[in-house]
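Peer 1: Please build the complete structure, drawing on both the sequences and the hints.
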Amino acid sequence: MGIVKVEFENAKNLSDVYLNLDSLNVLVGINGTGKSHIQKFIKYFYDNLTHEHIKSDIFDKENPYNDYVKISIKYNLSNLLEVGENQRDKIFNDIIDLIDDSDNIKLTMIQYKNNVIKWNCTYEQRKLIQYLFPFYLIDVRNIDLFDWENIWNIIGDLGQKRSSEEDKFPQELEDLVKKIYGKKYIESISELEKELENIGYGTVAYRNNEKFKQINKIRFNGENFNYKNRNLDFYSTGSNSFNYLRIFYLVLSKLHKEKLKEPLVILDEPEIGLHPTYIDELIKYIANCGGKIQTILSTHSSRVLKNSIVQDEVNIFQVSNKKNYTIVKKVKSFKDVKEKKVITDRESSYYFSQGILFVEGITEFELFTNNYLKEFYPILNDIEIFAYDSNNIALDVSHPRQRKMNIPYLLLLDMDKILNYNEKTNKFNVKGDAYNPLKNEDIKEKEWYFYGEYRVMLKVRNLVRGIANKIEFLPTSNDFSIQDKMYDKLVIYLKYYCNLYNVYPVTTTIEGTLVNLKNYSIFLEWILSDYSNYPEKEKLKNVYEKSTSAYYRLDILKHVVEGKTQFLSSLSAENINKHIDKKVQEGYLNVRELPKLGKSSGWVTDFIEYYFANSKTTKNKNHFQQSFPELDDILKVLEIIMK
Numbered sequence: 001m002g003i004v005k006v007e008f009e010n011a012k013n014l015s016d017v018y019l020n021l022d023s024l025n026v027l028v029g030i031n032g033t034g035k036s037h038i039q040k041f042i043k044y045f046y047d048n049l050t051h052e053h054i055k056s057d058i059f060d061k062e063n064p065y066n067d068y069v070k071i072s073i074k075y076n077l078s079n080l081l082e083v084g085e086n087q088r089d090k091i092f093n094d095i096i097d098l099i100d101d102s103d104n105i106k107l108t109m110i111q112y113k114n115n116v117i118k119w120n121c122t123y124e125q126r127k128l129i130q131y132l133f134p135f136y137l138i139d140v141r142n143i144d145l146f147d148w149e150n151i152w153n154i155i156g157d158l159g160q161k162r163s164s165e166e167d168k169f170p171q172e173l174e175d176l177v178k179k180i181y182g183k184k185y186i187e188s189i190s191e192l193e194k195e196l197e198n199i200g201y202g203t204v205a206y207r208n209n210e211k212f213k214q215i216n217k218i219r220f221n222g223e224n225f226n227y228k229n230r231n232l233d234f235y236s237t238g239s240n241s242f243n244y245l246r247i248f249y250l251v252l253s254k255l256h257k258e259k260l261k262e263p264l265v266i267l268d269e270p271e272i273g274l275h276p277t278y279i280d281e282l283i284k285y286i287a288n289c290g291g292k293i294q295t296i297l298s299t300h301s302s303r304v305l306k307n308s309i310v311q312d313e314v315n316i317f318q319v320s321n322k323k324n325y326t327i328v329k330k331v332k333s334f335k336d337v338k339e340k341k342v343i344t345d346r347e348s349s350y351y352f353s354q355g356i357l358f359v360e361g362i363t364e365f366e367l368f369t370n371n372y373l374k375e376f377y378p379i380l381n382d383i384e385i386f387a388y389d390s391n392n393i394a395l396d397v398s399h400p401r402q403r404k405m406n407i408p409y410l411l412l413l414d415m416d417k418i419l420n421y422n423e424k425t426n427k428f429n430v431k432g433d434a435y436n437p438l439k440n441e442d443i444k445e446k447e448w449y450f451y452g453e454y455r456v457m458l459k460v461r462n463l464v465r466g467i468a469n470k471i472e473f474l475p476t477s478n479d480f481s482i483q484d485k486m487y488d489k490l491v492i493y494l495k496y497y498c499n500l501y502n503v504y505p506v507t508t509t510i511e512g513t514l515v516n517l518k519n520y521s522i523f524l525e526w527i528l529s530d531y532s533n534y535p536e537k538e539k540l541k542n543v544y545e546k547s548t549s550a551y552y553r554l555d556i557l558k559h560v561v562e563g564k565t566q567f568l569s570s571l572s573a574e575n576i577n578k579h580i581d582k583k584v585q586e587g588y589l590n591v592r593e594l595p596k597l598g599k600s601s602g603w604v605t606d607f608i609e610y611y612f613a614n615s616k617t618t619k620n621k622n623h624f625q626q627s628f629p630e631l632d633d634i635l636k637v638l639e640i641i642m643k
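If you count by full-length UniProt numbering, then the sequence shown holds residues 1 to 643, one letter each, in order.
Since the hints were derived computationally from the structure, they do not count as laboratory data.
Some clues are possibly wrong.
[To be verified] Once the Cα atoms are required to be at most 25 Å apart in a straight line, the calculated DMTMM-like pairs of lysine to aspartate or glutamate come out as:
#1 K431 - E339
#2 K70 - E149
#3 K194 - E166
[As the list claims (entries may be wrong)] Have a look at the derived ranges for each label pair, beta carbon to beta carbon:
#4 L137 - Q625: 21 to 27 Å
#5 N66 - G32: 51 to 57 Å
#6 I522 - L594: 26 to 32 Å
#7 N371 - I522: 16 to 22 Å
#8 K578 - Q626: 33 to 39 Å
Positions of the beta carbon are idealized from the N, C-alpha and C atoms, including for glycine.
Peer 2: And the structure:
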């Protein structure tokens, strides 16, 4: 591998940024975060390696006291040293003293505000590095797809070293032309040459690579490429772009093999104009060149990212911005083969998000993408909603904590992912996986070392576990509610603690968030109205009226939309017969026989639309907050996280 590390200091918004590179390196992030600056400053470094091309607009504008820009690139020469072992004194004599124990060499450029550039190595050393590690920047948006001179230049670099016999080449070429085309052509050209000399004109001799470029054009019998015997203008821009990049990498591979060079290519938005299948093929082709051609690729395409992230020798860098400075974080690579198998365009698209709300299923997705809700809570327009269908592998692939990305997020969980109720002990037990902060062993271990204001996390954790371990909770005889202030405290402490780790456990399920004590009468109004397509309205009304208990009525309505009780369970005949007074048992048993509105029935949208269409205070956010207190709280937490 060629370049090991790139470092920037005080380079515009790259205050203190570094990237440890692999064969394929992908920069992802929204516009304006600093991806283009990373590319431009690597180019600036190379532009000034052997010639000065000084710019004065490269300094940190946020801090005028920073009077220098520093750019460092560390190269690994192990492959070259191994191949050139017998010629080490000859080839590497100029740089051998700069190589460290890992066969790396670090070149540093410092530019001061007086436009003086200083290097930590000599001109000869820089020239050799430039030769061994050539640099190419391809801005796909600005490629002239009909002018492939850049590719011919690389083909020219494939030429051999200068030869003691090369002076014979012009004469031998002349003899060959004379033999093929006759004496008259040579005489005509010779006369033209003399006439030019007589008036003082001559030609500048080709450099070696230029000479071989022209020789190869003759060897290929032309310089204009075609594809499948058709001119390039016959094909689409995407097709020509794909072929240009593929040939570019093919020629570079030959350069690496024949000349022992280790090129670096910066490829800016290769997806432009490409059909998805071309994107798949291109990234696979670039990855297969790994070890030969190092690539830094900047993209806004989830398709490019999806194809890149499953490769073996790849680094994904998330580029973000904080207080006008660029932050670069390496995305944690996939260790589990299953994760690579499940990633699709959908999962990879979330790497480009400004914020993510993770939800368990389609009911939550339907709710948080509702346009009425977006009017009251514009934050929903700025984030992505990721329904992971309770599939933790899909969640692992895109979760910022798992991938170590700097993307604000909130994970919404049903309470039964955090607690379960033990019928034998009448107590709640903490359950779940590492997404439950109370079950996450890494969090638990870190909290032991917290102090000051952060020590409260451990205190709240212990309060939650203390209540769960010690307090028994029993249902009332008329419904499945918990009339115990300690239960209210348990939920409050639990939410507070989980919120600290960007997790929001709803009190029961999302159905209980939507159908609650504050609005169940409105829900009944809707489900019995013509706006609802519920098939057994009269039977539901009869069951509903068997008790005047608000908790009973709420249990009945939540059951119809597949919600759960405060004990985090559905209504079972066993529990009904065991806990509920005979006067209301019939109602609970009857509702179990009624049809339910399933998760894909669209009831969420219908109910929300009914609420806004029929409420006298549809534009009153306070009224909405009173009707949906937990939903309002979820969105307030989301707003805080996004800030």
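Peer 1: Does K70 pair with E149 here, judged by a C-alpha cut-off of 25 Å?
Peer 2: violated (33 Å)
Peer 1: Would you say the C-beta atoms of N66 and G32 sit inside 51 to 57 Å of each other?
Peer 2: violated (21 Å)
Peer 1: Between K431 and E339, does the CA-CA distance stay at or below 25 Å?
Peer 2: Status holds; Cα separation ~24 Å.
Peer 1: Just to be careful, I want the Cα atoms of K194 and E166 compared with a cutoff of 25 Å; is the pair within it?
Peer 2: Given that 25 Å is the threshold and the Cα spacing comes to 23 Å, the pair holds.
Peer 1: Does the hinted range 33 to 39 Å hold for K578 and Q626 at CB?
Peer 2: holds (35 Å)
Peer 1: Return holds or violated for the Cβ distance of I522 and L594 against the range 26 to 32 Å.
Peer 2: violated (20 Å)
Peer 1: May I ask you to test the hint 21 to 27 Å on the CB atoms belonging to L137 and Q625?
Peer 2: violated (53 Å)
Peer 1: Looking only at beta-carbon atoms, does the pair N371, I522 fall within the given range of 16 to 22 Å?
Peer 2: Given range 16 to 22 Å: holds, Cβ gap about 19 Å.
The structure is inconsistent with the numbered hints 2, 4, 5 and 6, although it conforms to all the rest.
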